[in-house]
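Novice: Chain by chain, the residues run as shown.
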Amino acid sequence: MTHNAIGLTKADYRGAPSTLCAGCGHDSIASQIIAAAFELSLPPHTVIRMSGIGCSSKSAAYFLGRSHGFNSLHGRMPAVTTGAHLANHTLRPLAVSGDGDTASIGLGQFIHLLRRNVPVVYIVENNGVYGLTKGQFSATADEGQELKHAGVNHFPPIDVCAEAILAGCGFVARSFAGDAKQVRELIKAAFHFHGAAVIDIISPCVTFNNHDRSTKSYTYGKTHESPLHDISFVPHYEEIAVDYEPGEVRDVQLHDGPVIRLRKLNRDYDPTDRSAALLLLEQARSTNEFVTGLIYLNEHRPTLAETLGIGNTPIAALSENRLRPSREAFAAVMAELLGER
Amino acid sequence: MTHNAIGLTKADYRGAPSTLCAGCGHDSIASQIIAAAFELSLPPHTVIRMSGIGCSSKSAAYFLGRSHGFNSLHGRMPAVTTGAHLANHTLRPLAVSGDGDTASIGLGQFIHLLRRNVPVVYIVENNGVYGLTKGQFSATADEGQELKHAGVNHFPPIDVCAEAILAGCGFVARSFAGDAKQVRELIKAAFHFHGAAVIDIISPCVTFNNHDRSTKSYTYGKTHESPLHDISFVPHYEEIAVDYEPGEVRDVQLHDGPVIRLRKLNRDYDPTDRSAALLLLEQARSTNEFVTGLIYLNEHRPTLAETLGIGNTPIAALSENRLRPSREAFAAVMAELLGER
Amino acid sequence: MQFPQPIVNEFAITAATVNGSGSQTANMVLMRAIFQMGVPVSGKNLFPSNIQGEPTWYTLRVSQAGYIARPAVTPILVAFNPRTANDDLAQLPTDGICLYPADGLWQPQRSDIIPLAIPVRHILDQVGVNQRLRPYATNMVYVGVLAALLGIEETALLTALQQQFRGRPSAIELNLAVIRAAQAWAAAEPSPAHGKYRVHRMHATRGMMLIDGNTAAAIGALTGGVGVVAWYPITPSSSLIEALESYLPRLRPATDGATCAIVQAEDEIAALGIVIGAGWAGARAMTATSGPGISLMTEFAGLGFFAEIPAVIWDVQRVGPSTGLPTRTAQGDLLSVYYLGHGDTRHVILLPGTMEECFSDAQMAFDLAEQLQTPVFVLSDLDLGMNIWMSHPFPYPEQPLQRGKVLSAEDLTRLKTYARFADVDGDGIGYRTLPGNPHPLAATLSRGTGHNERNVYSEHPDDWQRNMARLWRKHETARRLVPRPVIEINPQATIGLIGFGSTAPAISEARDLLAAAGVQTSSMRIRALPFGAEVTEFIARHQYCVVVEQNHDGQLRQLLQLHCPAHATRLGSVAWCDGLPLTAPFVRDQVLNCLEQMRESSLLVGTGT
Amino acid sequence: MQFPQPIVNEFAITAATVNGSGSQTANMVLMRAIFQMGVPVSGKNLFPSNIQGEPTWYTLRVSQAGYIARPAVTPILVAFNPRTANDDLAQLPTDGICLYPADGLWQPQRSDIIPLAIPVRHILDQVGVNQRLRPYATNMVYVGVLAALLGIEETALLTALQQQFRGRPSAIELNLAVIRAAQAWAAAEPSPAHGKYRVHRMHATRGMMLIDGNTAAAIGALTGGVGVVAWYPITPSSSLIEALESYLPRLRPATDGATCAIVQAEDEIAALGIVIGAGWAGARAMTATSGPGISLMTEFAGLGFFAEIPAVIWDVQRVGPSTGLPTRTAQGDLLSVYYLGHGDTRHVILLPGTMEECFSDAQMAFDLAEQLQTPVFVLSDLDLGMNIWMSHPFPYPEQPLQRGKVLSAEDLTRLKTYARFADVDGDGIGYRTLPGNPHPLAATLSRGTGHNERNVYSEHPDDWQRNMARLWRKHETARRLVPRPVIEINPQATIGLIGFGSTAPAISEARDLLAAAGVQTSSMRIRALPFGAEVTEFIARHQYCVVVEQNHDGQLRQLLQLHCPAHATRLGSVAWCDGLPLTAPFVRDQVLNCLEQMRESSLLVGTGT
Ligand SMILES: Cc1ncc(C[n+]2csc(CCOP(=O)(O)OP(=O)(O)O)c2C)c(N)n1
Ligand SMILES: Cc1ncc(C[n+]2csc(CCOP(=O)(O)OP(=O)(O)O)c2C)c(N)n1
Ligand code: SF4
Ligand code: SF4
Ligand SMILES: [Mg+2]
Ligand SMILES: [Mg+2]
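Chains as they are written, first to last, in my numbering: chain A, 1 to 341; chain B, 1 to 341; chain C, 1 to 609; chain D, 1 to 609.
Derived by calculation from the structure, the hints in this document are not laboratory data.
It is possible that part of the hints are untrue.
As the list claims (entries may be wrong) - Computed list of chain D residues with no C-beta within reach of chain B, every gap over 10 angstroms:
{"no.": "1", "residue": "121"}
{"no.": "2", "residue": "400"}
{"no.": "3", "residue": "407"}
To be verified - Within a straight-line C-alpha distance of at most 27 angstroms, the following computed BS3-like cross-link-like pairs (lysine-lysine) qualify:
{"no.": "4", "chain 1": "D", "residue 1": "405", "chain 2": "B", "residue 2": "10"}
{"no.": "5", "chain 1": "D", "residue 1": "405", "chain 2": "D", "residue 2": "416"}
{"no.": "6", "chain 1": "A", "residue 1": "134", "chain 2": "A", "residue 2": "148"}
{"no.": "7", "chain 1": "A", "residue 1": "10", "chain 2": "C", "residue 2": "416"}
{"no.": "8", "chain 1": "A", "residue 1": "181", "chain 2": "A", "residue 2": "10"}
{"no.": "9", "chain 1": "B", "residue 1": "10", "chain 2": "B", "residue 2": "148"}
Quick reminder that beta carbons are idealized off the backbone N, C-alpha and C, glycines included.
With the sequences and hints as input, model every part of the structure.
Specialist: See the structure below:
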């Protein structure tokens with residue numbers, strides 16, 4: 001199909017050409033955002049692209065070019081998104097953020113956004129490093145992981161999914177950037193979800209996540225002392241692609257880096273049990289695996305706009321007579337202040 | 001005993017007179033900090049009092065007057081404490097904070113402090129409100145709770161203990177300000193713990209946590225439409241005291257407010273299983289109970305100073321010849337820069 | 001010590017009590033009652049950063065001349081806090097009256113004053129107040145005694161109580177009973193305190209109301225179309241939002257869904273972030289905070305400036321730097337707010353000085369923010385925001401909301417082309433499209449990074465430079481749009497006094513005192529930044545100007561020196577901040593000092609940097 | 001187009017490439033090789049905020065006269081990025097040389113220049129470079145060609161390669177092979193490009209080194225006794241900390257435990273919080289950041305100022321406001337850093353302008369921070385911090401660390417009494433006791449709230465006012481302690497040029513150009529804030545001064561006007577920021593413009609506010 005239900009082509013959902021490194025996982029995700037929005041026939045102007053700062057956040061420019069958007073501040077996108085939702089709750093925020101943006105500087109805002117249940121589709125493009133500032137560890141880096149430029153990480157990783165569940169988020173999923181189908185389907189499901197939806201997507205940084213020793217990787221085959229170790233040279237990589245079935249385990253060799261183990265949730269996994277979901281993440285943590293799929297689902301919480309009793313008309317579109325007191329109401333308050341009643 | 005092992009009296013561990021409201025839970029906690037420090041025979045100058053901003057944080061002035069201390073910024077005490085630890089890891093930080101200070105503005109810093117395992121005794125004086133700014137909800141307030149001045153809280157509470165466990169904290173406990181013995185024993189245990197220790201203490205705000213309708217309270221007996229509802233009048237209350245045994249459940253009537261249910265952990269509870277501890281908190285959450293006692297224990301992580309390889313002498317006490325390069329090392333670097341080698 | 005003539009309607013009272021005891025209610029009843037009698041009043045509440053048990057003072061000024069600055073001397077002392085009583089007593093002028101509880105241990109040890117011991121316990125016993133409420137009811141005792149001594153009318157007291165305890169008859173009853181009993185005791189008590197100070201009915205307050213600036217701002221914001229409020233509690237700004245929250249249902253009922261969303265954020269960074277997000281998406285959004293919150297908002301303020309997002313930020317100033325004195329008043333954030341944000345930033349600031357201006361600026365801030373597409377700051381302070389002031393009732397707005405340059409989908413269809421930051425009108429202001437605008441040309445990705453006219457990321461040197469030059473043009477536009485200074489020219493004056501905000505009453509009273517001392521002055525009260533042409537004109541026409549302000553570094557003086565370098569040496573500075581509102585005699589003395597210094601050294605050295 | 005005489009050692013090259021391709025390494029090899037030949041060089045790297053695939057330019061200036069400002073014109077273009085080649089070509093002056101890959105689609109379309117098509121693929125084939133490394137090796141091709149055209153010596157190239165690829169022989173081998181092949185091709189290629197520009201051996205760089213300011217600062221900090229570093233990555237400051245981390249083991253080996261703790265914080269708020277905590281506990285602590293980080297540090301900066309905690313904060317400035325241009329240089333944070341924090345704050349700022357000063361200021365900042373017990377800011381910028389500059393080797397410090405006023409337990413025993421903020425010495429600076437000091441008098445609770453001399457919470461008006469007055473005295477002490485401005489007096493000059501930081505080379509070259517145009521100038525390079533007496537004197541002795549700086553609002557000019565109100569109208573402003581380092585001809589033209597304007601209107605209007 002070249003036109004979707006609202007008569008748009010896939011090109012209508014594209015953005016500016018990407019300026020990310022060739023092979024960057026974030027570009028794979030951008031493609032699936034485009035595909036999902038196209039397949040869902042989302043009217044572009046009803047989506048708002050929200051992001052912070054980082055390679056991942058920059059990528060907001062590379063999809064949905066006909067959607068309004070805000071590439072805001074490092075770690076503070078959740079607040080901006082909350083404000084946009086309050087002003088116009090008929091728009092659906094699609095947020096892209098990085099692991100630094102969300103789990104390092106932005107952890108507090110992330111959790112508080114979820115507590116309020118702002119109905120955002122919140123994608124964490126998780127590479128365990130700060131890409132844009134050249135490869136320092138983020139707060140999701142594995143404990144004991146070693147990077148060429150950043151040394152060894154000594155601190156336990158923050159599990160974005162576990163934090164999301166604790167914060168009351170009702171849609172918590174994990175995937176891998178190379179798993180186009182799963183990423184796309186999860187994004188589509190998230191758009192169907194009524195509330196905040198978090199998708200933590202492992203998204204390899206081909207340029208800086210290039211360590212060859214790590215607690216959970218086998219050493220990268222070739223040892224190659226060569227000009228490659230020149231920090232000013234970023235070789236070209238292909239995007240990684242994987243395709244595996246529910247219930248399966250798949251080891252993925254990241255570029256010039258570690259192997260990660262993905263375990264796709266079984267079809268009969270019940271995501272509605274909060275304790276079980278937390279336990280699942282705990283177990284995966286102890287076995288150094290990433291479970292992928294929809295980990296937790298609970299659609300019972302009202303969105304922030306609902307909690308605050310906002311009506312059909314967005315506040316941004318309220319007419320002057322609703323944005324101002326009536327003459328009578330105003331006069332009544334004045335009379336009371338004057339002690340006349 | 002009037003003198004402890006190092007020859008100090010309890011008075012040597014007191015601080016300035018409290019300026020908190022009569023009956024405030026924070027004062028009960030301060031008494032137990034004093035008692036614990038006295039009983040542990042802590043040399044006052046080896047402890048540093050750290051706090052943020054709030055009634056709870058103010059209370060740092062009301063104990064251990066002979067210990068150095070820093071009453072810092074709202075929500076940012078964890079960073080200051082981290083710095084103090086790095087400069088002098090031979091000092092033991094005793095931190096008091098509020099639920100607003102730790103779970104609202106300070107959530108990110110709290111979690112990142114624990115990830116780094118700064119060996120602080122971190123007491124959260126948790127009253128679910130902002131006391132010092134007159135009774136707005138904090139991020140630990142119960143969902144659906146109603147306060148006279150602040151209305152109804154619509155957001156799920158942050159569980160400080162669950163967050164601490166996820167963050168890798170190795171000593172996580174909960175208690176109630178009125179349970180003098182348990183509070184004191186937990187503080188003493190925390191001082192013995194080698195690493196970050198979090199004690200979340202329910203500490204009633206007698207002035208602002210005075211709602212009489214709430215999902216988990218029975219209505220306060222008397223209805224009394226009277227000048228009491230005058231916000232400028234704070235009646236005098238007595239501190240609440242409870243004493244109950246491991247395994248027991250105790251309902252506590254907060255002043256003019258809700259009833260909370262405390263469940264003291266059994267003596268045979270095994271706190272070393274991380275998943276079990278998380279599950280316990282999840283269960284208590286769903287039954288609207290607070291489990292009290294030592295919830296999680298794991299002493300295997302190195303402290304931050306250890307991770308960074310700091311030696312016996314604190315950095316603040318290093319002599320000039322260790323704080324400066326040797327002439328030889330300096331010359332070697334210059335030679336290299338000059339291209340001489 | 002018998003006085004032939006009572007002093008009528010021109011005196012002041014200080015009530016020294018303990019906070020959390022309910023004394024603030026007693027003071028309000030007293031103030032309202034005198035106001036009810038048509039006599040101008042003003043009150044300054046000096047309270048601790050604490051909830052219960054610490055010293056607090058309330059100064060009530062009664063002035064038929066209409067002076068409302070904090071009085072330098074208060075001849076009546078209510079010494080109801082034994083902890084501070086000696087210090088308080090030391091402040092009392094000779095012949096002053098000192099009321100104190102007869103049952104306490106403290107007694108005034110001065111022979112040149114008039115002591116009056118009040119049998120508080122006895123009076124409360126009489127009324128039968130229960131034990132629990134006694135600390136509270138104690139305060140109503142001094143209200144009753146003062147009512148007797150000053151001759152406050154029964155009807156005025158009753159009205160005051162009714163206003164204070166709106167719809168809570170049992171509260172009115174209890175308080176009234178205490179007041180009456182105390183009044184009766186005092187009336188029967190022979191004392192030279194009788195008849196020394198009196199309140200006589202006037203008509204100077206007719207048609208006026210008592211209100212605090214935070215409430216005025218809240219009503220103004222609701223009148224000005226606020227749609228999203230995000231905030232984080234901090235004294236002395238919290239009551240602004242709390243007033244907004246409480247007036248919202250009455251002024252803007254949610255008949256068809258809420259008309260304003262209020263969110264308590266997790267901190268001030270998030271609060272301004274939410275406001276910026278909401279402003280971007282088309283709502284009128286605001287926050288209110290104080291110094292520490294302003295500091296935390298720095299990064300978002302810079303984003304708002306550079307991404308050109310409307311936002312309104314109230315800074316109800318308290319004493320800083322740092323956490324400082326949370327419950328004391330200051331004007332110390334002017335410079336830091338003006339330059340808030342790294343890089344070349346400068347913000348639009350409104351400076352209200354009256355209740356009426358708190359109300360009108362709250363509306364105008366939204367108009368300016370949307371017209372200029374930028375954050376607009378309103379600098380109030382604790383004195384304006386939390387103290388009670390007399391005010392004229394607020395006018396219902398007659399102008400429609402000014403929502404600035406926004407293009408609809410139809411506009412875009414007509415225009416066929418769109419560039420967010422094209423300076424089509426030469427005023428530095430581009431046209432916005434709001435999120436949700438379905439036109440294919442409408443969407444852009446807003447950003448704090450460098451961008452070209454079409455809001456597309458650009459590192460091109462010219463794009464950057466042109467954009468900054470345009471932002472400066474916009475600043476010049478702001479200069480024309482903001483409120484003009486309030487100028488009073490005295491044709492004989494060669495001296496000008498300049499100030500802003502809550503110091504206005506002290507400055508204006510000081511001008512009378514200076515005139516009495518033979519120094520004629522004109523005055524200019526700055527209402528906004530950036531300054532307009534009138535500011536330079538005023539300074540140019542006076543030989544010397546003295547800038548009076550409540551901070552240490554003379555911040556307004558610094559900004560004025562920058563604005564008028566040619567007159568920089570003729571701008572003197574009276575900068576004083578100790579947390580208390582300025583008094584007129586202090587201002588007079590300091591201005592005289594400053595003038596002397598300026599005359600001595602025609603060549604002034606800068607102290608600003 | 002045949003030239004009789006080659007231009008020797010006075011020209012410039014622009015290499016236009018794609019970032020992430022390794023071209024930065026090629027440029028460094030070229031620069032090092034020329035430096036090895038004893039000829040003064042300077043390089044400006046103009047790179048995108050991106051990791052791979054975007055345009056980047058490197059400008060290499062060769063100047064036997066020792067001019068190191070960014071050149072206004074570069075007569076040699078390496079057009080290796082087809083995306084920008086047309087624009088790049090347009091910048092090339094007539095008779096300029098344009099090198100470009102013969103294999104690409106792009107060809108220069110100008111007849112007034114000298115094109116030279118390089119068969120890149122052919123050369124790489126010759127060397128046998130594998131497919132994967134080709135994008136990288138391509139850059140070494142232009143190095144080889146330029147080496148041939150300019151006459152760069154083989155030994156110089158080899159040394160340059162060795163320095164660049166320290167201890168990686170296979171890398172040296174590969175690169176050298178490519179360079180040689182390209183050199184051989186070029187030598188054989190008949191072209192008018194030959195012999196037009198030549199590098200001839202000199203001895204002007206003997207005993208000097210090439211270094212960037214961030215590395216110089218890192219070595220300085222390690223030499224200055226840094227003990228705790230907390231940071232959050234941000235361009236262009238990250239490399240300062242990364243250099244510190246990499247030099248730490250060599251300069252301060254952890255024989256008996258680490259001598260410096262480095263922590264990557266979760267954000268800049270935490271970074272400065274950690275520094276403040278460490279400074280309080282007695283370590284020399286620092287952080288490095290850029291604009292957005294500075295904004296986030298505002299609240300802690302105010303705390304540090306008011307609680308009087310030593311701290312060192314490097315602001316390696318980039319273009320702002322907001323996220324701005326992360327990889328471009330500016331001097332736009334001067335005002336916001338000076339006033340950083342609400343309330344009355346003003347900070348001590350060091351302003352290095354050379355590599356030697358980056359090194360020495362990194363040490364002095366700690367001395368000043370501990371002596372003054374306050375945060376000290378060092379304002380560097382991207383140009384200083386990330387570009388490569390020639391420098392003299394750094395001297396090993398001969399003075400002991402100045403650790404300020406700290407009382408030991410023994411001191412307290414002797415003194416018998418202690419008040420943290422008593423101004424015993426009249427310089428505004430109290431005595432600290434460090435945490436861990438066991439003396440019973442030693443402990444206080446540090447705070448950002450109002451306090452008395454004993455550091456006890458106080459709301460007393462006098463305590464506040466006195467404390468602020470003392471902090472001002474301390475500011476006056478700082479004025480005496482900070483480095484003096486670098487002044488060059490030309491006795492014939494009536495014009496003074498004033499600047500700070502990285503603009504020094506452009507200003508100093510512009511002075512020569514101005515002299516050539518008949519305008520004699522003196523110069524003053526400001527080294528710190530607050531200003532000292534010399535600053536006023538310099539301004540006073542010149543008829544006009546022009547302040548040259550790289551921001552939009554003329555921030556240094558504003559601060560100078562405040563410092564010298566009597567001379568405010570004689571201070572002109574050349575304020576320009578487009579992300580590129582200033583060039584000398586630009587400065588000359590703007591200064592002449594500015595002087596003309598000043599002469600025309602003796603009465604200047606302010607533009608600063
Ligand atoms: C306040 C602030 N601090 C620091 C930076 C510098 N910075 C830009 S991107 C980034 C990290 C991005 O990491 P992440 O969010 O993981 O994104 P990635 O590049 O890895 O996709 C940092 C620290 C900034 N822009 N703003
Ligand atoms: C940056 C900043 N924002 C706001 C405040 C105002 N403030 C002071 S205490 C407080 C909340 C304290 O709540 P909590 O930590 O729960 O302490 P409690 O008073 O309840 O013990 C707030 C918001 C502040 N001091 N600084
Ligand atoms: S640096 Fe890493 S995260 Fe950034 S664009 Fe390149 S591959 Fe992607
Ligand atoms: S307000 Fe609440 S938290 Fe604060 S001192 Fe009073 S009782 Fe305690
Ligand atoms: Mg990342
Ligand atoms: Mg609390």
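Novice: Each hint should be assessed against the structure and marked as holding or not.
Specialist: Taking the hints in turn, this is what the structure says about them:
1. 121: Fine: 34 angstroms to the nearest Cβ keeps residue 121 of chain D off the interface.
2. 400: violated (6 angstroms)
3. 407: holds (13 angstroms)
4. D/405 with B/10: Distance of about 32 angstroms is beyond 27 angstroms: violated.
5. D/405 with D/416: holds (17 angstroms)
6. A/134 with A/148: holds (11 angstroms)
7. A/10 with C/416: Holds, at roughly 23 angstroms.
8. A/181 with A/10: Distance of about 16 angstroms is within 27 angstroms: holds.
9. B/10 with B/148: Violated: residue 10 of chain B and residue 148 of chain B sit about 39 angstroms apart, past 27 angstroms.
When the structure is compared with the earlier hints, violations turn up for hints 2, 4, 9 and for no others.
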